[in-house]
Amino acid sequence: MKNLIKLQLKKSFLSFAVILGAIFASVPLALWVKAAAMTPREAINLAMLYWAAAGIPLTALILSGIAGAEAAREQARTTEQPLPVSQYGLLLSSLAAVLLELGVLILAVYAILGFNLPLETLSKIQEEILRLYIFSMVYLSFYSFVLSYAFGNGIAGAMTGAAAVAFTLYPFVTLSVFQQLAFELVPMWFIKPAVSAAALAGGALALKLLSGVTDRKAAWTASKLAAVVILLAAAPLASFSSLAWLILKARSVTLPVTSMFASPYAVDKHLYASRDIKEASRLLLVQRPFYGDAFFIDKEGNRSMIDAGRKTPEPGLSYLFPGLTFASAESVTLPSGDRWVLYMPQGGGRLMTGNMKTGFAARAEVKHGWRMDLLGGKEPGIIDRRDDGYYYSSVPRNGALNWKQIGTLKDGYLSFLGDKYSREGAAAVFRKDRKTLEYRGRTWTIPGAMASRIPVPGIELADGMNFIVPAEINKKAVTYLCRPNGKAEPIWPEYFRLTQNLSLTPDGAVWGIGIKSLRSYGSPAVKMISPEFYILTAEGTPLSAVNTRGIMERTGVTNGEIRLLKAGGGYLWFNADNRYLVRAGIKNMEELRIWRLPAVPRKRDYYYARVGAVSPSPDGIFVAATDGVYFMDWEGKGKKIY
Amino acid sequence: MKENDPVITCKGLVKNFGSKKVLDGLDFKAAPGEVIGILGRNGSGKSTLFKVVLDLIAPDSGSVSALGLTPDGSGKLRGLIGYVPEKPSFHGFMTVEEVLAFRASFFSGWDKAKAAELCKTLGLDASAKAGDLSKGTAAKLAWVCAAAHNPKLLLLDEPTSGLDYLVRDHILNGLISELAEGGRTIIISNHRMGEMGGLLDRVCVLKDGKISSDHKADFIKTETYKVTVREEAPLPEEPGVKAISRAGSVSELAVFGREKLQELKNSGKISGAEISVLDLDSAFKALLGE
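Residue numbers (the working numbering), protein chains in the order written: chain X, 1 to 642; chain U, 643 to 932.
The set of hints was computed from the structure by calculation and includes no laboratory data.
Since this is a predicted model, take the numbers as computed values, not measurements.
Glycine is no exception: its CB is placed at the ideal position from the N, C-alpha and C atoms.
Treat the hints loosely; a few may be bogus.
[Unchecked claim] Each computed EDC-like pair below joins lysine to aspartate or glutamate, with the alpha-carbon atoms no more than 16 Å apart: (1) X/K11 x U/E740; (2) X/K357 x X/D338; (3) X/K217 x U/D923; (4) U/K771 x U/E740; (5) X/K217 x U/D702; (6) X/K637 x X/D338; (7) U/K729 x X/E539; (8) X/K208 x U/D714; (9) U/K884 x U/D860; (10) U/K718 x X/E80; (11) X/K224 x U/E740; (12) U/K863 x U/D923; (13) X/K639 x X/D627; (14) X/K6 x U/E905; (15) X/K249 x X/D627; (16) X/K357 x X/E379; (17) X/K10 x U/E740; (18) U/K729 x X/D627.
[Claimed, not checked] Covered by chain X, per the in silico footprint, the following chain U stretches (three or more residues, Cβ under 8 Å): (19) 664-674; (20) 692-701; (21) 859-871; (22) 901-912.
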């Protein structure tokens, strides 16, 4: 084989040498003609970019087209075939020579680039781009060779080969980009090698069959012809099938509609949430990004549409690239059960109200919903953060929004919020001594309290309205709980504040993750981050440094997120990285029950995949999964509700 | 392969090129040491038969074995066979020396000294570019390539085509004789089979995709007769009798075999005829029409 490859290299040496010379010659040429503003390196990079994008692919087509067509000629048959090697081996040697030459050309360009792609903005995926490029060139050469041999014509073969490669790479790139930018819905770890194998094995086997017919004069039969066509089409078919699979999966993806534009002072949801969250969480607002529709759904699967989505649900282009639309929304629930929804699909927004029985209707169109926040409480309203200050309007039960300025950009709107929630009995405020917290005539004195201008939101526990206040004593952080009985007791030896690093569950528990346990994040010495939870149950029992190492070990969640979903009845329920529902005993964290969750749209560090795919409610959890919506009770019994 | 096993065995070989049937159930055997001439008209399938045996072409059906191997597409068989193609072809950018060195790397039994000696004998210039070689010189180079690895089986497809008289004579009386005496099996197809006459052990006629007749060479040389008769009506052809020519009432017939001749004499059909032994060229020509 070595001698045959040498022979083939010798045969095509002249054309190869000319192209290699042209690559090297393009360096001084680029420096000579470069624009004045360009650095020499930029000029050279630009020249090499030309070679990579056009010169080398064209060279691959030319070299392989010539080699393939020549291998089919009578001259090759009479000159080389009498040698005691298989005719197929002869073809492979010719192909190998082309690939070797191409490899040298790519290496030359890469060397001139300093073995580094000048794609700084794509630094994370440079290796992937390089791999895809090399595969593309091999594939292009391979198919161009095979088809030129099949047709006995280099031009026809090269053009058909280029088309086959384009048909394969288009879905392939679409898949990669979609999964990079949106969700991982199909297993690229399998698709990439499968398409590569289909391309290489399909081409090799087709060449073998073609050699049988062209060289060995075996008769063409319908089955042989079909086999060649199928083998050559295997890679494009595999690639397009993967895209079809992705589109099919993308159609059924569901996501919760959450707020994408949370205000940096997003205090309202905390102020209001402790009273609203239980009722609010009984419904999940779900969207289907492929269709652009959105609806509320309850645990029984009853739905109420708030957005019918695209008028044309499946435009033709969606078969080539599954386009997704994402909506953002905030909602508040009134004691009557009615909801107000600030719904913001792409390109506009509207304020809607309604309930599951009567449905939802728009009350006002809002142009800049992304800068607004809904406010709950006794008087639901909406804040607009404009360029010239802050504006407020109560929600328009009858009529349009009635805006009034509540603060300048300099003053902010926190004092307005404080007044509103203090007036409604939802928050306590610090006196001027910054130690005394006051709520409806009750006071708590907290030495070292870290008082702020922001009113302290209350949380409804079993014994009434409580307040959580961080303090600093002897330069050490401590968190106090101000109970309705007037006592202020230290509950956690770390800093926690409801508007900053605490969350609420629908059953009324409050929780946060200790900063100390997260300090090691990113440290190479730490293989597994084991967050320690600080929890205040709905019954008012504080828990400190609840270690989740056991959960992480049992579930294998080492780099994801663990969130508390419910705390009560002697147990804690966790969402382990949107993959498992875990119940742990409060007294014994090793007493675990683990249930696997349906697969949710997943993309590392991607907002949608991390927030809200698993949403707790009083009776269980909603899971907005890749194939629909599920509801699972606290004993792990689940059903698909949409 | 045992010592006396046939070197080549073809059974029921069929090969079609599109709608054209080139080999049609051909059966053929060659014993060790035999020198066999394959006689056939243009397009009768001689080269196809060679290429099937060489494992260059796959038969549509039937079986082949050569030197104990069955063609399998691997090309191994070609390493054991010396082959002189009808139209030898070499890479034009190589010199004769490079061609031989290149070939040597593929044949385990390549004998460099023998190759050099053959070049000398045939007057081949080792430094000449293969692309510049005349048809005859290319044929000489093909001969060197075919013989230098000491094959046990030689397939010679029109081996003297394009060669001048002296070289042809040298090859026929020198090379082939020498090879044949070395116990090699040689299958030769040649349009001028007459010049091969002295070398052949057997002559097979390939017609309509089959071996239509198979005769010992001695039989052709000694028992093929020319019978010249004067009759108003020409004698009808029959097995063993072939018309050569007719001018007026004079007919020339080729009669194959002493027994057939005697049978014709006894029947009185050729009474008064002139009878002589047919020359080889005419005998082969008659065989083609037999």
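Checked hints:
1. A distance of roughly 14 Å separates the Cα atoms of X/K11 and U/E740; the hinted pair therefore holds under the 16 Å criterion.
2. Among the hinted pairs, X/K357 with X/D338 is consistent with the structure: their alpha-carbon atoms are about 10 Å apart, no more than 16 Å.
3. Restraint check for X/K217 and U/D923: not satisfied, since their Cα atoms lie roughly 34 Å apart, outside the 16 Å limit.
4. In summary, the hint linking U/K771 to U/E740 is supported, as the alpha carbons are separated by about 9 Å, within the 16 Å threshold.
5. With a CA separation close to 9 Å, the supplied pair X/K217 and U/D702 stays within the 16 Å bound.
6. The hinted pair formed by X/K637 and X/D338 fails the criterion: a straight-line CA distance of about 29 Å is larger than 16 Å.
7. Note on U/K729 and X/E539: the hinted pairing is violated, with a Cα-Cα distance of about 101 Å set against a maximum of 16 Å.
8. A C-alpha spacing of about 13 Å is found between X/K208 and U/D714, which places the hinted pair at or below 16 Å, so the restraint holds.
9. Distance check on the hinted pair: U/K884 and U/D860 sit about 19 Å apart at the alpha-carbon level, beyond 16 Å; violated.
10. A hinted pair counts as satisfied when its Cα atoms are at most 16 Å apart, and U/K718 with X/E80 qualifies at roughly 14 Å.
11. With a C-alpha separation of about 39 Å, the suggested pair X/K224 and U/E740 falls outside the 16 Å cut-off, and the hint is violated.
12. For the hint pairing U/K863 with U/D923, the CA-to-CA distance comes to about 10 Å; that is within 16 Å, so the pair holds.
13. A distance of roughly 12 Å separates the Cα atoms of X/K639 and X/D627; the hinted pair therefore holds under the 16 Å criterion.
14. Between the alpha carbons of X/K6 and U/E905 the distance comes to roughly 67 Å, so the proposed pair goes past 16 Å and is violated.
15. About 7 Å separates the Cα atoms of X/K249 and X/D627, which keeps this hinted pair within 16 Å; it holds.
16. Restraint check for X/K357 and X/E379: not satisfied, since their Cα atoms lie roughly 23 Å apart, outside the 16 Å limit.
17. Taking the CA atoms of X/K10 and U/E740, the gap is about 12 Å. The hint holds against a cut of 16 Å.
18. Of the pairs offered as hints, the one joining U/K729 and X/D627 is violated, with about 68 Å between alpha carbons and a cut-off of 16 Å exceeded.
19. Using a Cβ-Cβ cut-off of 8 Å, 0 residues of the segment 664-674 of chain U lie near chain X, which falls short of the minimum of three, so the contact claim is violated.
20. Coverage of the segment 692-701 of chain U by chain X holds [criterion: at least 3 residues with CB-CB distance below 8 Å; count 4].
21. A stretch counts as covered by a chain when three or more of its residues have a beta carbon under 8 Å from one of that chain; for the segment 859-871 of chain U and chain X the count is 0, and the coverage is violated.
22. Counting residues of the segment 901-912 of chain U whose beta-carbon sits less than 8 Å from any beta-carbon of chain X gives 0, not enough to reach three: the coverage restraint is violated.
Of the numbered hints given earlier, the model fails hints 3, 6, 7, 9, 11, 14, 16, 18, 19, 21 and 22; all others are met.
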